[in-house]
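Visitor: Residue numbers (the working numbering), protein chains in the order written: chain A, 1 to 329; chain B, 330 to 1223.
Wrong hints could be hidden among the right ones.
Said to hold, decoys possible - Derived DSSO-like pairs: lysine-lysine, alpha-carbon spacing no greater than 30 Å straight-line: (1) Lys716(B) to Lys532(B); (2) Lys738(B) to Lys755(B); (3) Lys218(A) to Lys544(B); (4) Lys983(B) to Lys804(B); (5) Lys781(B) to Lys296(A); (6) Lys781(B) to Lys419(B).
To be verified - Listing some non-contacts, in silico: residues in chain A with all C-beta distances to chain B over 10 Å: (7) Asp35; (8) Glu44; (9) Arg134; (10) Arg135; (11) Thr142; (12) Ser162; (13) Asn179; (14) Glu180; (15) Gly195; (16) Leu227; (17) Ser243; (18) Asp250; (19) Thr298; (20) Gly327.
These aren't lab readings, by the way, just hints derived from the structure by calculation.
All residues carry an ideal CB built from backbone N, CA and C; glycine is no exception.
Chain by chain, the residues:
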Amino acid sequence: MRFVRVLAIIAACGTAPAATGAQTRVLVVSGLGGDAAYSRQFAELAGRLAGAAHDRFGVPDSLIQWFGEDATRSDAHYRGQSTRVNVEAALAQMASRALPGDRMVLVLIGHGAGSDSDTRLSIPGPDLTVADFRRLLEPFGTRPVAVLALMSASGDAVATLSAPNRVVITATRTSYERNEVRFPSLFVKALAEDGADIDKDGRVSLLEAYRYAARETKRSYDDTQRLQTEHAQLDDNGDGRASETPTGRDEGALARRFYLDGAGRAAQTTGDATLAKLYDEQRSLEDQVEALRLSKATVSDAQYYAELERVLVALARTSREIRQREGIK
Amino acid sequence: MKARRGSGGSRASAGSSGRFSLRAVALALLLACAAPAAFAQATLLDSARSAVRSGEYSVALGALRAVPRGDSAWYAAQRLMARTLLLTGKYDDAERVARAATAQPGGAGVLTTLGEVLRDRGRLAEAESAWVRASREAPDSLVALTHIGELYAGRGDQDGARRIFDHFIDVYNTRHDALTSEELAAVAVACHYLGRDNPQLFKDALKAYDEAIAKDEDNLDARIALGELFTEKYNGPDAQTTLEAVLEINPSHPRALVAAAARADADNAGGTDSLVAHALAVNPEYLPARLALARQLLDLERFDDAQREADRALRTDPASRKALAVLASIAFVRGDTPEYATLRARNAALNPRDGAFLAEVSEAVSRVRRYAEAAELARQAITADPKYWLAYSRLGMNLLRRGDIAAGKRMLDSAFAGDPFDARVKNTLDLLDTFANYDTTATAHATVMIEKDESALLSVYVGTLVDSAFATFAKRYAYVPPERLRIEVYRSHADFSVRTVGVVGLAASGVSFGTTLAFDSPAAADIGAFNWGSTVWHEVAHTFTLGLTGNRVPRWFSEGLSVYEEHKARAGWGASPSFGWLDAFRLGKLVPASRLNDGFMRPAYPQQVPYSYLQAAMVCELIAAEWGEPALVQMLREYADGKNTEQVFASVLKSSLRQFDQRFDAHVRQHFGVALAALADSLPADVQRLSPDALVALSRSKPGNLRVQLAAGVLLARAGRTGDAVSALERARALFPEFSDADGPLPLLAQLYESMGRIPDAIAVRRAQVLGGEADLDGQLQLVRLALLAHDTATVIETLDRTMYVNPMALDRHQMLAAFAAARGDWAIAVRERRALVAMTPVDLAGAWYDLAWAEYKSGARASAKRSVLRALEEAPNFRSAQELLLTLVEAAP
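Whole structure, please, built from the sequences with the hints as guidance.
Guide: As structure tokens, this is what we get:
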């Protein structure tokens, strides 16, 4: 990731998230594999995601919990079997400790089954349904929550889990898409590796991870000339209806600002008045770019790109000034 | 047209079953016994009917002749005898029998048959007279009436015909339950005719045929007519089922055989020639079969032979408008304008408003790829008979082939309104409705239409390829097409097939109608099924050879030149000699060079079509080598002047066809002498059971036996005797160096070399494999992998570039090629590949645009670079590298 280092330096220079002290809690629940290959696959995905939350996004170890098929594992974040009792207890504990502004990320990995509110994750002992998860998430109230249902046959979960201030991502469109899904590993890859930072701001939002995984899933089917048997979807406006291609404006607006490492892009503050002015300019120019993009369909190509060039050149010069002033090469 | 690998026609087996006939024995026994009782005569008649039904015509005639005059079954026997004689082409005998019967007081029941005999000899007035009498007196008066109606229609008296056929609707409605199977079939004929005014009546025709068959499942004529109706509407599957059921009952029914051939032809299936030949074996004078043969020969551009067959048909029935139409087709295609005018006038004397005549000529002209003239003829057909809906279809299809989509669609809309049951029209209109899903872009010489989902990626390659081919051929052939090319690329093979022939199932991946060309996109087939790049090159070559000759170049020469051009365009493109091809040559299974059209149009076995492509190219290569490349161009010019192949060879090559065939044969024997000898010896039957040592001994003792070397190589490799396996495979390779098939020595030899660490040798073998298999993506990727190991950048770049023309849908290959090309400073390829990557809309689109901008910047295309970097920043405004490049471009600008 090209700009992680840059942002880290910015943070070291005194910038801070808007919601200072807000934390992200991550609960990863991986289910039964049914055979050794799937068990290995689910555990690897879950472990990788938990590791990335810590290593790449800076979530403290204490706020990451992973429950899986095995009774014990040596992985840093592994907390035991993903039984109903353990998962319920973990969610209740996380909810009880969450402060206003804290974020909750619930990740479900494994074989899905059932339909509608009975959509379930196959776990050791009695399964947990999405209706159960809806109930278990209620204590989080209006805190931002992301539910990542990275499992087959998960499509129906959206209607049950959808809520205000909540991102719900499912690996499939319906409960009928029951074949093995490729989306989960690509989604985890988006968070765990470089390549999904579409807007080049040095961070990967849930929307970016979703788009990366959805597109690469489609490509993996296209490349092998096979019919795509899974279609991931995202809902984050609370209407219970997901989109396979969220625009980031209505559908996707929350996911666009949802990062595992805290709030959305910070409003940088500094004691250097010149730098502060430059940041203001930078933000203003970014807003102009966005406004231009929205107007693209209404103006001629030549007009659009002329104006875009003017704004982008100004933005590039401002960004260069900021870097020079901050002593960043 | 470029055939798919493994495509080709197949021969249907519709010959006589050769089964032991119990019926014949039983009849012989009956005839041998004195059988005076009426019971015996009825049994004879029933047995004869049964024999006719199963195609044992001589047996049937024997039984019928045994029915004594005066017997109650005698008239029925005479009617059946006359019909059987007619069926088998014994027209004089049939007339004699029918006349004798009708001269008797109770002989009215044979009048209709007499009329049929007279009609088939072109004596229409006499036939009409017999039918008129039959319509008043005969039990089968309704059948006679349909014949009269058809006679009126054939004269162009559509009002008279309609009045007669309208009567059948009343008959059906008032007497439905009492109608016989034969009468229900007559109703169907009437409904079929009336369909030209009200297409819903086609459905009634279908229903009436079904009812006729339900009432008497032995009514084969009704079944055949039903099959013909299905074929007319391009409903191949139902036609095939119906006609196969008839041929199962009677494998020697001439009408069923010809109908089956027509069905196979409509479906682009093989076997038509054997079906027609069988029909002619049963009835040498059967006019539809004789004309079908003439049409086949016309397709083969064997005009003299076609003329001879059609002349013979016309002698059988001098009033046959169909025979006149075929003769007129031949005259038109040959450019014999006076003869065409004479035939047209002669036909006009029979029917001044004959749309079918002109539509037949239009179809024949279209089949030799002269689409503009075909369209004009179809237009004339519409003028002659505005309700001849098939002519609208022909006009529409030919306009589409000319690239006039709007006018073509208008004609097809008219055809559909008049006859909504023509599957070709329906399919094509459905396809045209999807054109909104395509992007259209312009290159220097072509307008390219590609489905939106893949247009961005394919446009990166197609435009350049087409323009490059255009420039190459314009120079070589000193000819420039009169209009821009129209290129259509179809992501669905079914759509491509419908665009080409109106129905699905075409075994080809590209077609050139002249300046309108259509291709399968790489996504339309399994990976490795074809090389779309060479296909584009091949089809554009057709555009020039067709155009230069006014579409008069014979199929074999046009195909040969197209493959010749593939070979010249890029080493490894185009058909290459295979084991199967060479073995076919050795066994005499290839057609002579001078009869190559047969190999394309009447393949004797499925592989003969792909073999013919290679053979035709080799003919061109031989001519270029011995007479010089300008001779090829001169040959085209002489074809343009209307000369036939014999004349062209004599004029340009100073060679008779026979001499050339001998020269070509000697050329192949000289070039492949070692390989031919190596194919001659067989493989010992017990080779699989031999020990490794015995295999080594066998391999060394038979160094000139290709089969032995191959088998020994495979078995020794399996046994872990790598060194010995390599020796055997090296010998195999030396015997037939061009043998690059997947089951040849090269892939295994490369594997073994690699396992031995002999990377340069493995690379050399994989390179040979790739050069012998234009669509061998696996071989190409293996070569890339080996070249990477050997740090052979040039081979990596060349081979990755080659893969894009097999399957460009792979992000990683584009990335690799772009990176290697950039590292070597080959910015043209780097830019192209970066464009491809952008077109594939990767997740990191901003990064892809930036990489493209950088490659463009390095290639000196600063304006493009600026636009691309703006696109990168549009996606990611704070993308630092892109910002720096933008500032570089802006600040360094003059």
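Visitor: State for each hint whether it applies.
Guide: Evaluation of the provided hints:
Our distance criterion of 30 Å between C-alpha atoms is met by Lys716(B) and Lys532(B), whose separation comes to about 18 Å. Between the alpha carbons of Lys738(B) and Lys755(B) the distance comes to roughly 11 Å, so the proposed pair stays at or under 30 Å and holds. For a cut-off of 30 Å, the pair hint linking Lys218(A) to Lys544(B) is broken: about 56 Å separates their Cα positions. The straight-line distance between the Cα atoms of Lys983(B) and Lys804(B) is roughly 26 Å, inside the 30 Å bound, and the hint therefore holds.
At most 30 Å may separate the alpha-carbon atoms for a hinted pair to count; Lys781(B) and Lys296(A) meet this at roughly 20 Å. Restraint check for Lys781(B) and Lys419(B): the C-alpha separation of about 62 Å exceeds 30 Å, so the hint is violated. At roughly 30 Å from the closest C-beta of chain B, the C-beta of Asp35(A) stays outside 10 Å, upholding its exclusion from the interface. No beta-carbon of chain B is positioned within 10 Å of the beta-carbon of Glu44(A); the least distance is around 22 Å.
For Arg134(A), the condition that its CB be more than 10 Å from all CB atoms of chain B holds, with the nearest at approximately 31 Å. The Cβ of Arg135(A) sits about 35 Å from the closest Cβ of chain B, beyond the 10 Å cut-off, so the non-interface label holds. Distance check on Thr142(A): its Cβ is at least 31 Å (rounded) from any Cβ of chain B, clearing the 10 Å threshold; non-interface status holds. Its beta-carbon lying about 26 Å from the closest one in chain B, Ser162(A) satisfies the requirement of being farther than 10 Å from that chain.
Every beta carbon of chain B lies more than 10 Å from that of Asn179(A), the smallest distance being close to 21 Å; the non-interface claim holds. The claim that Glu180(A) lies off the interface holds: its Cβ sits roughly 22 Å from the closest Cβ of chain B, which is beyond the 10 Å cut-off. The non-interface label for Gly195(A) is inconsistent with chain B: the shortest C-beta to C-beta separation is roughly 6 Å, within 10 Å. At roughly 13 Å, the least C-beta separation between Leu227(A) and chain B is larger than 10 Å, which holds for a residue marked as non-interface.
For Ser243(A), the requirement that its beta carbon stay farther than 10 Å from each beta carbon of chain B is met, with the minimum near 17 Å. Remark: the non-interface label on Asp250(A) is consistent with the geometry, its nearest Cβ contact in chain B lying 20 Å away (cut-off 10 Å). The Cβ of Thr298(A) lies farther than 10 Å from every Cβ of chain B, with a closest approach of about 16 Å, so its non-interface assignment holds. With a cut of 10 Å on Cβ distances, Gly327(A) stays outside the contact zone with chain B, its closest approach being about 15 Å.
Checked against the numbered hints given earlier, the structure breaks hints 3, 6 and 15 and satisfies all the rest.
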